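Respectively, the protein sequence lines represent chains A and B.
So the first sequence is numbered by the numbering used here: it starts at 1 and just counts up by one.
So the second sequence is numbered by the numbering used here: it starts at 1001 and just counts up by one.
Hints may be right or wrong, so weigh each one.
Not everything, but these chain B residues come out facing chain A in the computed CB check (under 8 angstroms) [said to hold, decoys possible]:
| # | residue |
| --- | --- |
| 1 | S1015 |
| 2 | S1018 |
| 3 | P1040 |
| 4 | Q1042 |
| 5 | L1046 |
| 6 | T1105 |
Simulated from the structure, these hints should not be mistaken for laboratory data.
All of these numbers come straight from a predicted model, not from anything done at the bench.
Just so you know, even glycine gets a beta-carbon here, dropped at the ideal spot from N, CA and C.
The primary structure of each chain is shown beneath.
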Amino acid sequence: AQSVAQPEDQVNVAEGNPLTVKCTYSVSGNPYLFWYVQYPNRGLQFLLKYITGDNLVKGSYGFEAEFNKSQTSFHLKKPSALVSDSALYFCAVRDTDTGGFKTIFGAGTRLFVKA
Amino acid sequence: GAVVSQHPSRVICKSGTSVKIECRSLDFQATTMFWYRQFPKQSLMLMATSNEGSKATYEQGVEKDKFLINHASLTLSTLTVTSAHPEDSSFYICSASVSGAEGDTQYFGPGTRLTVL
Chain A
1 AQSVAQPEDQ
11 VNVAEGNPLT
21 VKCTYSVSGN
31 PYLFWYVQYP
41 NRGLQFLLKY
51 ITGDNLVKGS
61 YGFEAEFNKS
71 QTSFHLKKPS
81 ALVSDSALYF
91 CAVRDTDTGG
101 FKTIFGAGTR
111 LFVKA
Chain B
1001 GAVVSQHPSR
1011 VICKSGTSVK
1021 IECRSLDFQA
1031 TTMFWYRQFP
1041 KQSLMLMATS
1051 NEGSKATYEQ
1061 GVEKDKFLIN
1071 HASLTLSTLT
1081 VTSAHPEDSS
1091 FYICSASVSG
1101 AEGDTQYFGP
1111 GTRLTVL
């Protein structure tokens, strides 16, 4: 069965500093991996995804993530954090082995960027 | 592009009544739509997957008679919470997939907050 873990409930970063939000996954086949961001009382906004190809994926708002198969990780990164990046971030995985669309979401990591 | 809307954004109802939530893909045709439920400070829980013109596929533990899903067209899916009770109070979010391919991105609606008194 597929699963995804976000080991940090909260990440605190000063504005201008680099940020990392961690994500590890477990699937039986090859993974499709996604990052979404959620602002208060809003739905999720797509940031980026890894399907195949280059392990470094660039997405919206200057975010990027690196797929690391050996470590089964897909950490979200940004070189310079903005206060407006403060939000709830979800990592999600879809297992190609099971097929279909079932997407499992991590518990979420709340990012606080301090001015 | 790829905008998904939900209506209403917020609804308060009395226990025992039914509530319908609409999910629309505004600028694309969605082969597949999904309904999620999110509890406070928790992640999204997939309730069901809905394909246009066919019956929805419900996740284990989700009562299909309580949460009625209709996907009548490629741009509209509805979730009806029947005989709502206070424990059904939650944030309901829909999403839509553009092409139906497995690697496709899901685009999410803004969510509907349901409060059952």
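Against the structure, test the hints numbered earlier, and report the numbers of the ones violated in rising order.
-> 1, 2, 3
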